[in-house]
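Use the sequences and the hints to build the structure in full.
Number of protein chains: 2
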Amino acid sequence: MRVLLLSNSTAPGKEYLEHAMEALAEMLTGVRRLVFVPFALADHDGYTAQAAKALAPLRVEVAGAHEGDPIKLFNSAQAVFVGGGNTFRLLRALYARELLAPIRDRVAHGTVYIGSSAGTNVACPTIRTTNDMPIVQPPSFDAGGLVPFQINPHYLDPVEGDVHMGETREERLGQFLEENDVPVLGLREGTWLRRVDSSLTLGGDEVGARLFQRGHEPREIPSGADLSRLLETVALFR
Amino acid sequence: MRVLLLSNSTAPGKEYLEHAMEALAEMLTGVRRLVFVPFALADHDGYTAQAAKALAPLRVEVAGAHEGDPIKLFNSAQAVFVGGGNTFRLLRALYARELLAPIRDRVAHGTVYIGSSAGTNVACPTIRTTNDMPIVQPPSFDAGGLVPFQINPHYLDPVEGDVHMGETREERLGQFLEENDVPVLGLREGTWLRRVDSSLTLGGDEVGARLFQRGHEPREIPSGADLSRLLETVALFR
Numbered sequence: 000m001r002v003l004l005l006s007n008s009t010a011p012g013k014e015y016l017e018h019a020m021e022a023l024a025e026m027l028t029g030v031r032r033l034v035f036v037p038f039a040l041a042d043h044d045g046y047t048a049q050a051a052k053a054l055a056p057l058r059v060e061v062a063g064a065h066e067g068d069p070i071k072l073f074n075s076a077q078a079v080f081v082g083g084g085n086t087f088r089l090l091r092a093l094y095a096r097e098l099l100a101p102i103r104d105r106v107a108h109g110t111v112y113i114g115s116s117a118g119t120n121v122a123c124p125t126i127r128t129t130n131d132m133p134i135v136q137p138p139s140f141d142a143g144g145l146v147p148f149q150i151n152p153h154y155l156d157p158v159e160g161d162v163h164m165g166e167t168r169e170e171r172l173g174q175f176l177e178e179n180d181v182p183v184l185g186l187r188e189g190t191w192l193r194r195v196d197s198s199l200t201l202g203g204d205e206v207g208a209r210l211f212q213r214g215h216e217p218r219e220i221p222s223g224a225d226l227s228r229l230l231e232t233v234a235l236f237r
Numbered sequence: 000m001r002v003l004l005l006s007n008s009t010a011p012g013k014e015y016l017e018h019a020m021e022a023l024a025e026m027l028t029g030v031r032r033l034v035f036v037p038f039a040l041a042d043h044d045g046y047t048a049q050a051a052k053a054l055a056p057l058r059v060e061v062a063g064a065h066e067g068d069p070i071k072l073f074n075s076a077q078a079v080f081v082g083g084g085n086t087f088r089l090l091r092a093l094y095a096r097e098l099l100a101p102i103r104d105r106v107a108h109g110t111v112y113i114g115s116s117a118g119t120n121v122a123c124p125t126i127r128t129t130n131d132m133p134i135v136q137p138p139s140f141d142a143g144g145l146v147p148f149q150i151n152p153h154y155l156d157p158v159e160g161d162v163h164m165g166e167t168r169e170e171r172l173g174q175f176l177e178e179n180d181v182p183v184l185g186l187r188e189g190t191w192l193r194r195v196d197s198s199l200t201l202g203g204d205e206v207g208a209r210l211f212q213r214g215h216e217p218r219e220i221p222s223g224a225d226l227s228r229l230l231e232t233v234a235l236f237r
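Just so you know, the sequences run in chain order E and B.
Following numbering that gives the first Met the number 0, the numbering of the first sequence begins with 0 at its first residue and continues without gaps.
Following numbering that gives the first Met the number 0, the numbering of the second sequence begins with 0 at its first residue and continues without gaps.
Careful, some of the hints might be misleading.
Because identical chains cannot be distinguished in the list, a pair is counted as satisfied if it fits within a single copy or across any two copies.
Distance condition first, Cα-Cα at most 20 Å in a straight line; then the derived DMTMM-like pairs of lysine to aspartate or glutamate [said to hold, decoys possible]:
#1 K13 with E166
#2 K52 with D68
#3 K71 with E170
#4 K52 with E21
#5 K13 with E159
#6 K13 with E177
#7 K52 with E66
#8 K52 with E14
#9 K71 with D225
#10 K71 with D44
#11 K13 with E66
Derived by calculation from the structure, the hints in this document are not laboratory data.
Predicted model only: the values in this text are computed from it and were never measured.
This is the structure we're talking about:
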């Protein structure tokens, strides 16, 4: 099982996916053909073209999941890449096209999964830790479960002196833990998680990640850390 | 029909509800007893006590909706106040306790409705324009419909030079309008909407609000503006 979950797809001052190109190249070793899932944005053709352009230096051929029978497309590819955008729109489309189970099945049988932002959210057991606005209603918040814990992409530290009275990200995740006994990894921008079978490591920018667990103080996770024990999580959603 | 929908319950440097006390006093004229709905936060007793303390200067007696049979409580009161917190937790509780229809019915028959933040979100047709994290799954996003359009509380303008690559609020609401043909009023902090029957006005801080409609440029709405025509909205949710 090979899974790469990016916090974000674009870093400040860089091209789409440029900041993660080394990690992508490593994960896509041996992959000739990839299916891009563009449903988190409205413009499926434009989004797929953007992904194809970004991945061209890796000599990976890219097909959009909207361009044909997605099951046949998945079967003809060695990787699936679920792009970012709105998580609710993405998950609703995955349910409407009945793609969640086939993706899970293909990934269990060796297809590489790459997710970015919303594509990382739908790789979790549920989308309950997305930052996105619920612009449409999916039939369920249950998602792909390629890891057994939750991820909060684009994790942001509280800003000193911010007068905005909405909750900080840490407070929001505290509310999540009031309701659910499931660890949440806050992936700061520029970072990613890399799963190969039962091994899980944090990669990317040295800003690292922050781990939230019920009954514990939040904990800093440095880049390069081995997080394999998180794969043993027994998640209790309420 | 008397409805007061606040963007936020606490302004920087002020006590809970202090910034809106005049608007509350005006809306609660003649109200002796109010039911506070604390389900957006985890601590129902503490939250109700906080609301009771804030409303004490107005000589309004406050009961928590969790303290007894809520229908009996509603029938003994002249106002209901739905407090802020997490919108998904709040809406799930309103469904679980079967309170949406009774609240709608009481408000149609003269009970004053006051909402703040999450309490403002659940007064809209749906919660699709909340900023909150979907920490629990309500059976539906459909909500109270005390106004026929959507509100985005705590509306935030884009921050110049922000390097965070997540979407701005305006981009999020643009995504909402890609999927739904429904106006959204972005209520900046310190502002509120006041509905009395077929009259709707923007009140509060001079920062005003921003109106988003499909096919139109966003438009600034000054404090004091008459927004009654928004009550004629025909909402098209997808």
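Each hint, compared with the structure:
Proximity of K13 to E166 under the C-alpha cut-off of 20 Å is restricted to the inter-copy arrangement: shortest distance 17 Å between copies versus 30 Å within a copy. Proximity of K52 and D68 under a CA criterion of 20 Å is satisfied in neither setting, with 22 Å inside one chain copy and 61 Å between copies. Within a single copy, K71 and E170 get their C-alpha atoms no closer than 43 Å, and across copies no closer than 34 Å, so neither meets the 20 Å cut-off. In the homo-oligomer, the alpha carbons of K52 and E21 lie at most 20 Å apart inside one protomer (16 Å), although the nearest pairing across protomers, at 57 Å, exceeds that limit.
In this homomeric assembly, K13 and E159 come within 20 Å of each other (Cα to Cα) only across copies, at 18 Å, whereas the closest approach inside a single copy is 27 Å. Proximity of K13 to E177 under the C-alpha cut-off of 20 Å is found in neither arrangement, the shortest distances being 38 Å within a copy and 27 Å between copies. In this assembly of identical chains, the alpha carbons of K52 and E66 lie at most 20 Å apart only when taken from the same copy (17 Å versus 60 Å across copies). In this homomeric assembly, K52 and E14 come within 20 Å of each other (Cα to Cα) only inside a single copy, at 11 Å, whereas the closest approach across copies is 53 Å.
In this assembly of identical chains, K71 and D225 lie within 20 Å of each other by CA distance neither inside one copy nor across copies; the values are 36 Å within and 56 Å between. Taking the shortest alpha-carbon separations for K71 and D44, only the intra-copy value of 19 Å comes in at or below 20 Å, while the best inter-copy value is 56 Å. Neither within a single protomer nor between protomers do K13 and E66 lie at most 20 Å apart by alpha-carbon distance, with minima of 28 Å and 55 Å respectively.
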